[in-house]
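Participant: Chain by chain, the residues:
2 protein chains.
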Amino acid sequence: MNTEEPHPTPGTLKVSAKSNPNAVAGALAAVMRERENAEIQAVGAGAINQAVKAVAIARSYLKDSQIDLVCIPSFITVEISDNERTGISLAVERRH
Amino acid sequence: MNTEEPHPTPGTLKVSAKSNPNAVAGALAAVMRERENAEIQAVGAGAINQAVKAVAIARSYLKDSQIDLVCIPSFITVEISDNERTGISLAVERRH
Chain A
1 MNTEEPHPTP GTLKVSAKSN PNAVAGALAA VMRERENAEI QAVGAGAINQ
51 AVKAVAIARS YLKDSQIDLV CIPSFITVEI SDNERTGISL AVERRH
Chain B
1 MNTEEPHPTP GTLKVSAKSN PNAVAGALAA VMRERENAEI QAVGAGAINQ
51 AVKAVAIARS YLKDSQIDLV CIPSFITVEI SDNERTGISL AVERRH
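Protein chains in written order, with my numbering: chain A, 1 to 96; chain B, 1 to 96.
For the record, the hints were derived by calculation from the structure and aren't laboratory data.
C-beta atoms are modelled at their ideal positions from N, C-alpha and C, and glycine is treated no differently.
Among these hints, one or two may not hold up.
[Unchecked claim] Here are some chain A residues pointing at chain B (derived, C-beta under 7 Å): (1) Ala45; (2) Gly46; (3) Ile48; (4) Asn49; (5) Tyr61; (6) Leu62; (7) Ile72; (8) Pro73; (9) Ser74; (10) Phe75; (11) Val78; (12) Ile80; (13) Gly87; (14) Ile88.
[As the list claims (entries may be wrong)] Capping the alpha-carbon separation at 30 Å, the derived lysine-lysine pairs in DSSO-like fashion look like this: (15) A/Lys18 to B/Lys63; (16) B/Lys18 to B/Lys63; (17) B/Lys18 to A/Lys63; (18) B/Lys18 to A/Lys18; (19) A/Lys63 to B/Lys14; (20) A/Lys14 to B/Lys63.
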């Protein structure tokens, strides 16, 4: 029997309205140096704003490594405190 | 002498917090059926939220045409009523 909690998908960052976009950008840049893709999940206008800013900042962090990023937004349903809420997923990929 | 007002760049959509994401998505989908790229400009969390939702919706509008979209966020400075404000530009491109 597997009694472990489900692991978050590697490369998935959950962003809230209180998240610091610079810190999220640092985490995203670290992931994107190692991987081809990542995902940012955000629920609510404040959180989505921070998520988009984080991608813009991460692009500048990655410039010296000759990596550029694109993101692909889609709607997701997220369970928060037993309520289903609609959020946004930003699939982040390296730009080729 | 050219006395005309400067034209907005074709394919540039300005989105506010009050914009209807479905309407913006329709306009964006129409542009992206004709062109390889477009730009969405938004200032403030509410506007950026609507802009990202519009891209997500436009992706579903374009699915039947076998067109998918990516967006590339960056910071821009926009003049609003003689004040300089920092906003977000989403460069929208077809995904190849």
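Participant: Evaluate each hint against the coordinates.
Facilitator: How the hints compare with the structure:
no.	hint	verdict
1	Ala45	holds, 4 Å
2	Gly46	holds, 5 Å
3	Ile48	holds, 5 Å
4	Asn49	holds, 4 Å
5	Tyr61	violated, 13 Å
6	Leu62	violated, 12 Å
7	Ile72	holds, 5 Å
8	Pro73	holds, 4 Å
9	Ser74	holds, 5 Å
10	Phe75	holds, 6 Å
11	Val78	violated, 14 Å
12	Ile80	violated, 17 Å
13	Gly87	violated, 11 Å
14	Ile88	holds, 6 Å
15	A/Lys18 to B/Lys63	violated, 34 Å
16	B/Lys18 to B/Lys63	holds, 26 Å
17	B/Lys18 to A/Lys63	violated, 34 Å
18	B/Lys18 to A/Lys18	holds, 23 Å
19	A/Lys63 to B/Lys14	holds, 27 Å
20	A/Lys14 to B/Lys63	holds, 27 Å
Taken one by one, the earlier hints fail for this structure at numbers 5, 6, 11, 12, 13, 15 and 17, listed in ascending order.
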